[in-house]
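Listed below are the residues making up each chain.
Protein chains: 4
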Amino acid sequence: MIRNIRVERIAQTPIEQQQIELVERKCIGHPDSIADGIAEAVSRALCRAYLEECGVYLHHNTDQGEIVAGESLPRFGGGKIVRPIYALLTGRATKTFDGINIPADSIAVEAARSYVKSIIPIMNLERDIIVDCRMGTGSTDLRDVFKTCGGSAVMRANDTSFGVGHAPFSETESLVKGVSDYIDEVYRPKNPAIGTDIKVMGLRDGDDITLTLAVAMVDRYLADIGEYVETIARLKETIEGIAPKFTDRKVHIDVNTADDISNGVVFLTVNGTSAEMGDDGSVGRGNRCNGLITPCRPMSMEATSGKNPINHIGKIYNLLSTQLANTCVTEIDGIDEIYIRLLSQIGHPIDQPLVAGVQVIPKAGVELAAIQPAIDAIIDTGLENIGSITEKVIRGDLKTF
Amino acid sequence: MIRNIRVERIAQTPIEQQQIELVERKCIGHPDSIADGIAEAVSRALCRAYLEECGVYLHHNTDQGEIVAGESLPRFGGGKIVRPIYALLTGRATKTFDGINIPADSIAVEAARSYVKSIIPIMNLERDIIVDCRMGTGSTDLRDVFKTCGGSAVMRANDTSFGVGHAPFSETESLVKGVSDYIDEVYRPKNPAIGTDIKVMGLRDGDDITLTLAVAMVDRYLADIGEYVETIARLKETIEGIAPKFTDRKVHIDVNTADDISNGVVFLTVNGTSAEMGDDGSVGRGNRCNGLITPCRPMSMEATSGKNPINHIGKIYNLLSTQLANTCVTEIDGIDEIYIRLLSQIGHPIDQPLVAGVQVIPKAGVELAAIQPAIDAIIDTGLENIGSITEKVIRGDLKTF
Amino acid sequence: MIRNIRVERIAQTPIEQQQIELVERKCIGHPDSIADGIAEAVSRALCRAYLEECGVYLHHNTDQGEIVAGESLPRFGGGKIVRPIYALLTGRATKTFDGINIPADSIAVEAARSYVKSIIPIMNLERDIIVDCRMGTGSTDLRDVFKTCGGSAVMRANDTSFGVGHAPFSETESLVKGVSDYIDEVYRPKNPAIGTDIKVMGLRDGDDITLTLAVAMVDRYLADIGEYVETIARLKETIEGIAPKFTDRKVHIDVNTADDISNGVVFLTVNGTSAEMGDDGSVGRGNRCNGLITPCRPMSMEATSGKNPINHIGKIYNLLSTQLANTCVTEIDGIDEIYIRLLSQIGHPIDQPLVAGVQVIPKAGVELAAIQPAIDAIIDTGLENIGSITEKVIRGDLKTF
Amino acid sequence: MIRNIRVERIAQTPIEQQQIELVERKCIGHPDSIADGIAEAVSRALCRAYLEECGVYLHHNTDQGEIVAGESLPRFGGGKIVRPIYALLTGRATKTFDGINIPADSIAVEAARSYVKSIIPIMNLERDIIVDCRMGTGSTDLRDVFKTCGGSAVMRANDTSFGVGHAPFSETESLVKGVSDYIDEVYRPKNPAIGTDIKVMGLRDGDDITLTLAVAMVDRYLADIGEYVETIARLKETIEGIAPKFTDRKVHIDVNTADDISNGVVFLTVNGTSAEMGDDGSVGRGNRCNGLITPCRPMSMEATSGKNPINHIGKIYNLLSTQLANTCVTEIDGIDEIYIRLLSQIGHPIDQPLVAGVQVIPKAGVELAAIQPAIDAIIDTGLENIGSITEKVIRGDLKTF
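Those sequence lines, one after another, are chains R, S, X and B. In terms of this note's numbering, the first sequence is residues 1 to 401. In terms of this note's numbering, the second sequence is residues 1 to 401. In terms of this note's numbering, the third sequence is residues 1 to 401. In terms of this note's numbering, the fourth sequence is residues 1 to 401.
Put simply, identical chains are the same to the list, so a pair is met inside one copy or across any two.
With a straight-line cut-off of 27 Å between C-alpha atoms, the simulated DSS-like cross-links for lysine-lysine are:
{"id": "1", "residue 1": "LYS80", "residue 2": "LYS95"}
{"id": "2", "residue 1": "LYS117", "residue 2": "LYS392"}
{"id": "3", "residue 1": "LYS245", "residue 2": "LYS177"}
No wet-lab data here; the hints were simulated from the structure.
With the sequences and hints as input, model every part of the structure.
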């Protein structure tokens, strides 16, 4: 069956030529990101358990869950957690299948705790966090849809929903994501005072980019406010140093602008995340699956994290459309910008979206007709191999936030 | 101080001329909407209590919270709830101020229960829902920002964040919103079998619009599957009848397409919401503050519901930008589409955004220069009177989802 | 099969002749009693549902559960609840039987809320209490025992356990219970300022009885501390007036002795129970099934409330032994004191205890041999008709605390 | 001030000469004992923190709390936990004092988890248990009482309450406690298949003692039902071997009598406690502070575990009266049985009970007058040094269950 792929050229001021551009990223330890990460960790752990115990992936959906903030008393040299963070795992999972019991609740609790340990190793899990679980079992109709196609190669959509993706990243997008990655991968390992809860807000106004970072600092690694100020200054400098890798535009860096140093009002934390002291988090409220929040671009409201990677459109189509957009700009010359939207119809095979809508801004002088066949082919092949998304997710090769 | 308002003309294929358009609405009883509505009801109740007891609005933020699905056994003629819905109220609120104790937790629980009763009057609150509360108190720095300007006219931004709004609605947007409103206001009151949990998904493919509705039907008002089928058919017909009010395009209506009538698999519920049987909900995961999810338009990820309406940018700027966009298209001739983005800087007065970015597609033949002063003026005045947003929200004159 | 009934005469100083006697009662609104009452209300509601939906009583055990105190700000004329009481329902219940689903969780929540309303009508259930539920399903082996004898007349013991009862009440016991009943039935209806949470502690030292009452007073019915003092004084006087009905001994009454009137430290509450402001409660921690705590008498540690009345020894044997002791002293002349202990063996029919141990202090001049046959007969008949306990419990004819 | 000590001789059939005697012990891993142990561990951790951070012990009361059973699938060779145990910490604690914040919630969670680990080392705390916390702060009046005497040597009673203790243990009591201790200290270390959740029920009928043990067996250490049967048999034999150390009477041992071996119905668990599969537990529902439940003896209903050891009568007087009774029988010749009851009056110094009531059964030929002065002296000295109870509790030298 031929897939319904619609490619159109749109007249649109390319993002780089628009006056204002906004880009945001909530890094790994931001409360919303913690919620996303836990949701995804639980889903992956369930997938592994289902495969091991039942030989198939079973229905589940853990794309909900709440991080209720604790209370802390940070202090230079090392403060304390007063009231633990409360993490509530919800969603639903298959708990029995074909006579086999799958300990979904225990798996979920363990996966969540283990995930938190992995991203915030300095947290004392015995006293700084409570992981609770109120996971249910799915509603009958959804499970039926799932069972129906248990043995076949192509799953059926769990919902009428859609995914969107775009490529390539703008300079501001690359900068925001690049700075976040640099801190995570290069800078924090050597500078443990930099917490994992960082919000990076990028504003491009014409050719001036302002990067505003709110960085939760870790109290035990800072002797006093002097060291705090110094550490912030060094981070600012470092980011100024790497910014030119991503853009030739003028980049202004602000870090913890809400601080009032003379009054001792600073963004100091015990474990490096504001979840310990007032900021709640929820799945699906932070980054989209490309790692960014981009209000100047089309976005899906669907939480990608925690959804099952077998038949859940809100997850699979967001991941796939993003991947396809990237493949198009990588493999095809002549694309300035590309936006891909995949729309499912509940109960239909997921490799046959109701429509795959593609919007292209070709490079100057490029005719749409010249590149359309290549785009068509990439999308057709991507849908053909849609099962690979599932596998990559379970292996952890695809990030969801 | 002059406000930083940047108006630019963008070359962009107007939405109505794009090939594909997607629009979604989660109606009042959808789990995500229930979460939004509770969050907003709690915030409004707190505002009233603060004003009454302390004479000022105090810091709070209840834009989190989780609806954990229950379990039900719907049956034609009337089924039963097996496990109650579990609603967790979180967020934070000021609980003491100037020696006065504000019973924030009790207020929150009462507001939530009362809200649910108001939107789902058929629900038996004594057995169908558990409303729990784990609300904390805010982190110090945020409250300080708040206290600082307690007496002044203009609040300071709680965060570096932004809001976006657009106008006018496209035909598909008007249709989706219009159908939802029609059911809520006109059709359900006479047809109680139509539950409040409806998801309306609109897809425009060129000049063909497909409206897919997933409607939770209420079992007690349906004698058997025959009446179910009939009721669905009548609803479909009714919508087909009103669609021409919103568009001349061809509109195809699908209702509960996942049903498998011959096998008795239908979307039947006890109280008219899937929250009773498997679907969780979260604040901020559903409609944007214009009542829609519009992945082809710029959107903010911020939850508008539940945030305090005093200084919380994620709420105020989303509401204001939407309102300003509407005012522009109403009062100014010559605008095809307008997008407004307001960006705050933490700690700065909220009537002085870092930038107010405006993108306009003028009507054919209209010069930007001709309409720009009027746009500037509307935005400037809107920011000048930003306090009116707060008042409208507390009075319930502005919807947030 | 002959029942193993062992009657022995014990040489023991009768309670009335002992120097010191202690008797305590926690009235209906004491946190422990609220927990007991909820547990029992849930069990009875489940029994009714099982009978109605399945035709038989099914396994359940709700003799656990916790009342976590809230926070209140009582004030003369009417204060407020700041944080609701949190009531957690636990235990386990049969949720499916023979293809029928029993909505045990919803039943439990409704029964608990309805019970609280019945005993504390002034409580605003929409904001003063949260009723949560984490009820499980029973462990397999217990249910098997139960199923085995589903159709037979005599149940099998769920456990190796025992019950104890004594009769008659001593004067101090009668006084403590009588004062509590008088307040509940006669005095409070006309004096609503007297809360339901009263702890009555009776100490008899020779022929002097001191009755110490801690009475939670209801703020809305008291204009000021003067009225408080007056109301307390009137209550004291009233009790002094009725005490002679129960004893000729000298009775000294103390009410709210911990008050410090001059400093305004009084036992004032919003709803008449300390559960609203700091005192937690648990099932089985308060009164034994005769309504008293009697540390000078043999007692069972088993919670009577909430256990299923079908095969749960901890409930049935405590109720039965108390009833049998009362029957013996009522119907047989010559008994000064009687103590009955029934010991079960798990899996054996409940009408065949391992041993029914009876200790008697005959009246002066009475030979044990003269009354033993009558005692034997009463106990034998009581065991024969043990099923009537079940029925009485379900109808609410037997109090459990 | 002279203390009010009342010693009386009572005519009473000594326990060993009564026909029937019942004694029960819930061992360390029984759900009620787990609850007790957690409550006590939390209280001790708070005491240590208060002393360290504030220099004084502060008000708290954690003698509540609930163990909500999980769900498990035991299997010979090693099964799994399906749903974690849910432990709810409640009660109240001082959280700020003199400007110092004490992280009571975090301390409680950590103490609870650490305690569970210590008694059930085979439990995987990352997936087999959820420790939640809803601890409040105390009601004002109680704390005032406490504050008043913060600096003085002698605390004031928190309540009008009492404690009771007796000595010496009867043979049956010694046997029940001795068997339990033997298993804990000697047998289980070499026989890990014996779980920590053991209920020992002792019935003495004349000179025949029946000891019924319900022992949760640990699945991972048992290959099959054969090994299960064998292990039970060996345990039975072992207990038969040690019983003569405690009594010359005939002792009959029953272990897991509810098993139905041929149908595979056995008491098998994953972690050695029924809390994992259906049995809830509560503080104060199990053993009294002498380690036993003795319905033939006077008992207090007060939970000893978790109460603060500074001024909480329900704890201190139970521990002290038990200790004093033991001292009397150890140091004074001529006592067959002694029962001590200490009764407090709220607000009065705890070393001055309202009455210390002592009941003695002297040995044949011993006059009360001959031993009374020695008894008086022991009790007087014990009350004089009542503060040592506090110290011993905090050091962990006194068991509370």
